[in-house]
Amino acid sequence: MTTGSNSSDSESKGRILLVLPEVFNCEGGIQMFCRALCLASGKWAQRNHTTVHALVLNDHGRPDALYVNGGYSSYVGANKNKGRFIQHYLRRTLTSNYEWIIFAHVSLSPLALLTKSLKAGIKIGVVAHGVEVWHPLPNVQRRALHAVDLILAVSEYTKGELIKLNAVPADKIKIFPNTLDPHWTYSSSTTELVCAPPVLLSVSRMNKEDRYKGIDSVIRSLPAVVEQIGPIRYNVVGQGDDVPRLKALAAGLGVSRYVKFLGGVEDGELRKQYQHCSLFIMPSKKEGFGIVFLEAMAYGKPVIGGAHGGTPSVVKHGETGWLNDNSDIEGIANSIIQLLGDEAMRENFGRAGHQRLIDNFTFERFEQNLKAVFSSLN
Amino acid sequence: MCGIAGIIGNQVPDATERLVRMSNALVHRGPDDDGLSVWPENGRLPFAAFAHRRLSIIDLTKAGHQPMETPDGRYSIIFNGEIYNYLTLRRELLAEGVELTSQTDTEVLLQLYARHGASCLHLLRGMFAFAIRDNQTGAVFIARDHLGIKPLYFHQTDGLFLFASELRALLASGLVPRHLNRAGLISYLQTGSIASPDTIIEGIRQLSPGNYMTIVPDAIGNLKVKTISYTGEWLSGATSMSGLDRSSAVEALREALKESVRLHLVSDVPLGPFLSGGIDSSAIVALMSQVTDARPRTFSVVFEEEKFSEAIHARQVAKKFSTEHHEIHLSEEQLLEMLPAAIAAEDQPTMDGINTFVVSKAVREAGITVALSGLGGDELFAGYPTFRRALRMQSVARFPSALRQGVSAVGSRVWNRTVQQKKMWQLLASDGSPAVACTVSRQLFAIDEIAPLLPTNGHKFAAADPDLSWPDDSLQSDDRINAVSIFELRGYMSNTLLRDTDFMSMAHSLEVRVPFVDAEIVRFVLGLPGAWKLNGDKRQKPLLQDALGDLLPPEVMHRPKMGFTLPFETWMQSRLHDEIEATFNDERQFKSIGLQPDSAREVWRQFLRSPGAVGWSRPWALYVLARWCTQHQVTL
Chain A
0 MTTGSNSSDS ESKGRILLVL PEVFNCEGGI QMFCRALCLA SGKWAQRNHT TVHALVLNDH
60 GRPDALYVNG GYSSYVGANK NKGRFIQHYL RRTLTSNYEW IIFAHVSLSP LALLTKSLKA
120 GIKIGVVAHG VEVWHPLPNV QRRALHAVDL ILAVSEYTKG ELIKLNAVPA DKIKIFPNTL
180 DPHWTYSSST TELVCAPPVL LSVSRMNKED RYKGIDSVIR SLPAVVEQIG PIRYNVVGQG
240 DDVPRLKALA AGLGVSRYVK FLGGVEDGEL RKQYQHCSLF IMPSKKEGFG IVFLEAMAYG
300 KPVIGGAHGG TPSVVKHGET GWLNDNSDIE GIANSIIQLL GDEAMRENFG RAGHQRLIDN
360 FTFERFEQNL KAVFSSLN
Chain B
0 MCGIAGIIGN QVPDATERLV RMSNALVHRG PDDDGLSVWP ENGRLPFAAF AHRRLSIIDL
60 TKAGHQPMET PDGRYSIIFN GEIYNYLTLR RELLAEGVEL TSQTDTEVLL QLYARHGASC
120 LHLLRGMFAF AIRDNQTGAV FIARDHLGIK PLYFHQTDGL FLFASELRAL LASGLVPRHL
180 NRAGLISYLQ TGSIASPDTI IEGIRQLSPG NYMTIVPDAI GNLKVKTISY TGEWLSGATS
240 MSGLDRSSAV EALREALKES VRLHLVSDVP LGPFLSGGID SSAIVALMSQ VTDARPRTFS
300 VVFEEEKFSE AIHARQVAKK FSTEHHEIHL SEEQLLEMLP AAIAAEDQPT MDGINTFVVS
360 KAVREAGITV ALSGLGGDEL FAGYPTFRRA LRMQSVARFP SALRQGVSAV GSRVWNRTVQ
420 QKKMWQLLAS DGSPAVACTV SRQLFAIDEI APLLPTNGHK FAAADPDLSW PDDSLQSDDR
480 INAVSIFELR GYMSNTLLRD TDFMSMAHSL EVRVPFVDAE IVRFVLGLPG AWKLNGDKRQ
540 KPLLQDALGD LLPPEVMHRP KMGFTLPFET WMQSRLHDEI EATFNDERQF KSIGLQPDSA
600 REVWRQFLRS PGAVGWSRPW ALYVLARWCT QHQVTL
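Top to bottom, those sequences are chains A and B.
Under numbering that gives the first Met the number 0, the first sequence has 77 at position 78, and the numbering climbs by one with no breaks.
Under numbering that gives the first Met the number 0, the second sequence has 222 at position 223, and the numbering climbs by one with no breaks.
Worth flagging that the hints you see were computed from the coordinates, not collected in a lab.
Relax, there's no trap hidden among the hints.
The following residues of chain A were derived to be distant from chain B, with all beta-carbon distances above 12 Å:
(1) Asn24
(2) Asp63
(3) Pro109
(4) Ser116
(5) Ser203
(6) Glu265
(7) Lys285
(8) Gln337
(9) Glu342
(10) Thr361
In silico EDC-like links for lysine to aspartate or glutamate, alpha-carbon gap of 20 Å or less:
(11) B:Lys590 / B:Glu580
(12) A:Lys207 / A:Glu26
(13) A:Lys207 / B:Glu250
(14) A:Lys207 / B:Asp244
(15) A:Lys284 / B:Glu250
A virtual CB, placed ideally from N, CA and C, is assigned to each residue, including glycine.
The task is simple: from the sequences and hints, build the whole structure.
Below is the structure:
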């Protein structure tokens, strides 16, 4: 068990408990959400002269101080030890008078059911990200969702699936979009939209279970793209055990020389990649939200996403980019060709995307949304 | 698809007239247009002339006329073939600011060479043989595609260099003595075709597949000729397949095949696949259905003798993919009538290829200019019996060589009646390498059978040493399946199948495209472990079957391999008997090409005594050789 910040002396005064699956152990949309949640609630606690406690199942090591708000929040990682995690949770909930508990993943929600039966007065919220709730849930999770006070869905699509597949009442679900990393600094004015040759960028995990991300669809579209546009560069950032298949696909299609698998890159390099691309593309089939789109929008880049899942909540088709069916190779190729062939469109989409980010998905907006949640629970 | 020819060098009397004669000999390859460029001797630049015969396939306008020059006049090109990825390469050139005036692949190729020189070859997906002259230096660059789909022959003496798409065009120049090449003859007797770089004519050689040549005049008018292979670099550029599992490879292969077929459909004239009903041609039709909405026109030749016909299977495939299917019915009478023309169409003698002549004629007459063929499927996906034989040889080779040779020596004395038995004993006594497995499997006459056919005039002969290696050590690995693939690609496919297909289809001005023999496909498939293609799987071409998934009807996937054969064995004993008998009885004819008439006649007699055991191909090969040499006035 690892702890950070001043946890023990403030336990009795704590009003909010965050129950999180993972925060700093690896990169991903859910981890990003949890980091933002930690920081936003810490800041909220400071303003309200209270504290927030975070209990994290998978993490080990000390938390990143950037996301834990000094004297107003605490952080405890259970290092994947479920027994200790539950023990710690029970001790905290039984001995403290929390007003709110937020579960940041539905898989942790059985604890919410338990808590509701023991201490009905505690208000509980559960975050629903994406694919983890896009199917009929196990009975205990479903009962938990029905028992809690609020469900925070990161996108309209996720909300719809919860209603459709798990019969969650619509008025219990609040849209709560993901946000850009609060420490993600960028300058959209340094961005380049005219690259020679044009550069497509994807940033994604590429394990076998991540095939829905659509990197293979982009590769499949490249023969038609280069036939129309001429040479391009497709930079793929990320790693995973599916990379050999993607490389074979590119080799078989004769487009290897246009595709560069860059592997995992440092933050500075990632920013450069965003900065120097003509467009960002990830025609994902089941994205819960898609923070990488926000990162691209931060740099004023037009994006091509999948017309599925949570992506349409982030990318506005025809305004900030194009949305294509993940399996529609011709459609994806046409979107790329159209965008690469039209500088004005790239600029307009990029500008609109940047504005959309500012209007809806900044960390400040995330904080406001959180404040509204806590107020609504009051 | 066209015909090209050229002359370089001073002191050639009537050089231009000779080139015109060469060009006229290629008229069947390109009936739509012809062109000629002549560069007279100029200071230290020698005389040079290029001729071109055009079969218009892409950009049918005059903009495709050849020889074609760059706008600055620096380079001139003559080109036979198709560059299937020319649209992409064209875009690349435009992006680099090159101005292009036509929609042709020829102009793209010319400009690519002007910008990149020989390394432009690594960018090409297609079938090609072309020559480009640098009009500033007089240097000529000649290249042939990676796998030898298109041919290129040349003749070289001090101060003279001739080249052409067909060997007969070089003969038509009058500058090459019509003498039989002894090494070519032995190669022919060994395999029924002539292995590159040899040809049947003394002094004429082929540019081997995946090679290019430079012909550079020096200060005193001599020509410095260099031949360089470019396939080593091409193969070494293959993506590393490490970490790839078979199911991912199968998925990628399917995409690769679809893409190759898509590229092979680029055409401004009517196009349709041959559909025999076998797995390879059916695969082409199935893949077409995945990449185009156009309804394909498919063609099958149906022989009236049912046992030679695959019509039912072809019909099944045509129905499944709703093709506009054409069955071309041929009677025995019609086939036999075509035979003299088919033999006359042979650019070099070959024991094979008559089928292609027959089918090409029928398809061209049906209004098609470009046909797609499944050629290459057997070589790439381990379809030939040679592959399983090479694997079996691996087990046999574990026994001590003395034991194997002993058993072979005894066995071959007591049980050696048929050609198959003889080959079996040969294999047993050998070192069991994939090279031997291929050589023996493809063998027409064994070395000890060739000796009696040649006059005993004192000197020994050496077995032909064809260029079968691939200049990349990584592929000469322990992987026996891939090793056999390379031998089959470089040997039988390149020297027999592709040569026969080229001249037999060109005889009817029909272009045949071979999507399996695509540079990217071959590079990809050779990069996969051989074990994925055969080991422990009794199905025909399991990797191809898996890549096609459920596209093809199960009956097509699972039926045994048939091949596309004509009833020569029967014909040679009946309708063709008298004609062949007369040829074998003509002693002078065989003597003039350096063969022992008695021994040749004995091959014929043996066949007549036991046709099944001897096989029709041996006497047929000798008969064709004699006829070809007579027709072209070639003697030893």
